[in-house]
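Undergrad: Take the sequences, apply the hints, and build the full model.
Line by line, the protein sequences are chains A and B.
Taking our numbering, the leading residue of the first sequence gets 1, the next gets one more, and so forth.
Taking our numbering, the leading residue of the second sequence gets 369, the next gets one more, and so forth.
Keep in mind that the hints were calculated from the coordinates and are not lab data.
Virtual Cβ for every residue (Gly too), placed ideally from N, Cα, C.
One or more hints might be untrue.
[Said to hold, decoys possible] Computed far set for chain B versus chain A, every beta-carbon distance over 12 angstroms:
hint, residue
1, 385
2, 386
3, 407
4, 411
5, 428
6, 492
[Stated by the list, open to error] Cut-off 25 angstroms, straight-line C-alpha distance, at most; resulting in silico cross-link-like pairs (SDA-like, lysine to any residue):
hint, chain 1, residue 1, chain 2, residue 2
7, A, 21, B, 453
8, B, 376, B, 475
9, A, 7, B, 492
10, A, 21, B, 475
11, A, 21, B, 487
12, A, 7, B, 399
13, B, 467, A, 294
14, A, 350, B, 376
15, A, 350, A, 333
16, A, 350, B, 416
17, A, 21, B, 377
[To be verified] Listed next, the stretches of chain B that the computed footprint assigns to chain A, with coverage defined by at least 3 CB atoms under 8 angstroms from CB atoms of chain A:
hint, segment
18, 399-406
19, 414-427
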Amino acid sequence: MTEEALKTTPLDALNRELGGKMVPFAGYSMPVQYPAGVLTEHLHCRQHAALFDVSHMGQASIHGPGSAAALERLVPGDMQGLPAMRQKYTLLTMEHGGIMDDLMVANLGDDHLFLVVNASRKDIDLAHIAANLPAGLTLERHDDRALLALQGPAAITIMAALAPEAAALPFMGVARITLAGAACLASRSGYTGEDGFEISIPSDRAEDVARLLLAQPGVMPAGLGARDSLRLEAGLCLYGNDIDETTNPVEAALMWTIPKRRRAEANFIGAAPILAALAAGPARKRVGILPEGRAPARGHTPIVDDSGTTLGEITSGGFGPTLNGPCAMGYVRTDLAANGTALSLMVRGKPLPARVTATPFVPHRYVR
Amino acid sequence: MTTVRYTKEHEWVRMEGDIATVGITDHAQEALGDVVFVELPEAGREVEEGEACAVVESVKAASDVYSPLAGTIVEPNQAIVDDPAMVNREATSGAWFFKLKLANASDFDGLMDEAGYNAFLETL
Chain A
1 MTEEALKTTP LDALNRELGG KMVPFAGYSM PVQYPAGVLT EHLHCRQHAA LFDVSHMGQA
61 SIHGPGSAAA LERLVPGDMQ GLPAMRQKYT LLTMEHGGIM DDLMVANLGD DHLFLVVNAS
121 RKDIDLAHIA ANLPAGLTLE RHDDRALLAL QGPAAITIMA ALAPEAAALP FMGVARITLA
181 GAACLASRSG YTGEDGFEIS IPSDRAEDVA RLLLAQPGVM PAGLGARDSL RLEAGLCLYG
241 NDIDETTNPV EAALMWTIPK RRRAEANFIG AAPILAALAA GPARKRVGIL PEGRAPARGH
301 TPIVDDSGTT LGEITSGGFG PTLNGPCAMG YVRTDLAANG TALSLMVRGK PLPARVTATP
361 FVPHRYVR
Chain B
369 MTTVRYTKEH EWVRMEGDIA TVGITDHAQE ALGDVVFVEL PEAGREVEEG EACAVVESVK
429 AASDVYSPLA GTIVEPNQAI VDDPAMVNRE ATSGAWFFKL KLANASDFDG LMDEAGYNAF
489 LETL
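TA: In structure tokens, the structure reads:
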């Protein structure tokens, strides 16, 4: 695909002005890094604050009476128990128990749910949701909105100065705020393991808001490269790598997203195979893996035992700048999923020693 | 007098006597980004022209480094294994990858000179 055929975000001109190195990602031209580079952007986010353009992600609303109950048919999370102005991480599940996508759902009150889904999945997800909504409910795509993520320990100070109602939010709280005169929707959440905010903005005001945030002390623009290394250190799944249509929530170690009531009701798409897998115990499990040397093990690296038998594969792996070493996650046979289990990773034909290790590799610093 | 020549794989080669010192170009280190890991061939290994014999990894990705010519590795640069970021700081000087005794010293003349490499970069 040529760059001309790629979609751009409302911040495209600003990203280029900032020196963003633009790459194709999920059909969009996106900054993988700015001139500071992935390593510096990553470390800056953990120490101060980084601003990410994540406008490629899909934003949508479900409106109408009983929207939470209706969405519960498609996701296994507790939507009906989600308080107003709070959001939750959940999954779109499939009939065979696989994962169509992972997403954030916010309850904006008045039977209005606000969704953020992955860029690469938004057309599939939104068609699926629209096709499954009962009469009286509507799905509204927000293709006219940008999304910024302000992440890092300095984010709270910055937001306290600009929008005190955002700074008062608990983790996963949501507020309507005004930034640079624009009506925005902010949530205290993110994809880095740090405290921070994700801010949904009308596209035509996104650049003003981004410039305002970039002008605050300690804020550096950061690209998709740092976003990926930050989420990997935080042990967070990347759809398409760590979870996909062929993984179920049991083996993906995401059963924490399915509370007791939803398991008992078993009325979400894919409930039968997922609950059967839970009862039987999964054959494989997603785990954190730390290589013992310095060599990173990338996605699709085979995981083997002493005799060279393949036990699974790495689904995400690279170098953790804060960890100052390689880290990875992948799927292994359940009997080898206990923390501390020794494994080997076949990197360029050589077995490298590694260990199953609890995630996150770098402790989360969410506000509680 | 020393001469530096280049490959389309973005390696530079400097001849001193019958020993070629090989590294990656500034263009290559810039494209890679922050280098966090380097793997080098052992001394004594015989390599073919174009053989992948070293690896350089940034936060995001791994890339092969190829032997520009046939020969025998005489010395890997342990300094860049110990401090991979050197590759970004001094790609064309201290951060050489390996020294190679060429099978045929005259092969060196077949590589691109600086003007040729710069013209090649223009085509990318």
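Undergrad: Which numbered conditions among the earlier hints are violated in the structure presented, ordered from lowest to highest?
TA: 3, 5, 10, 14
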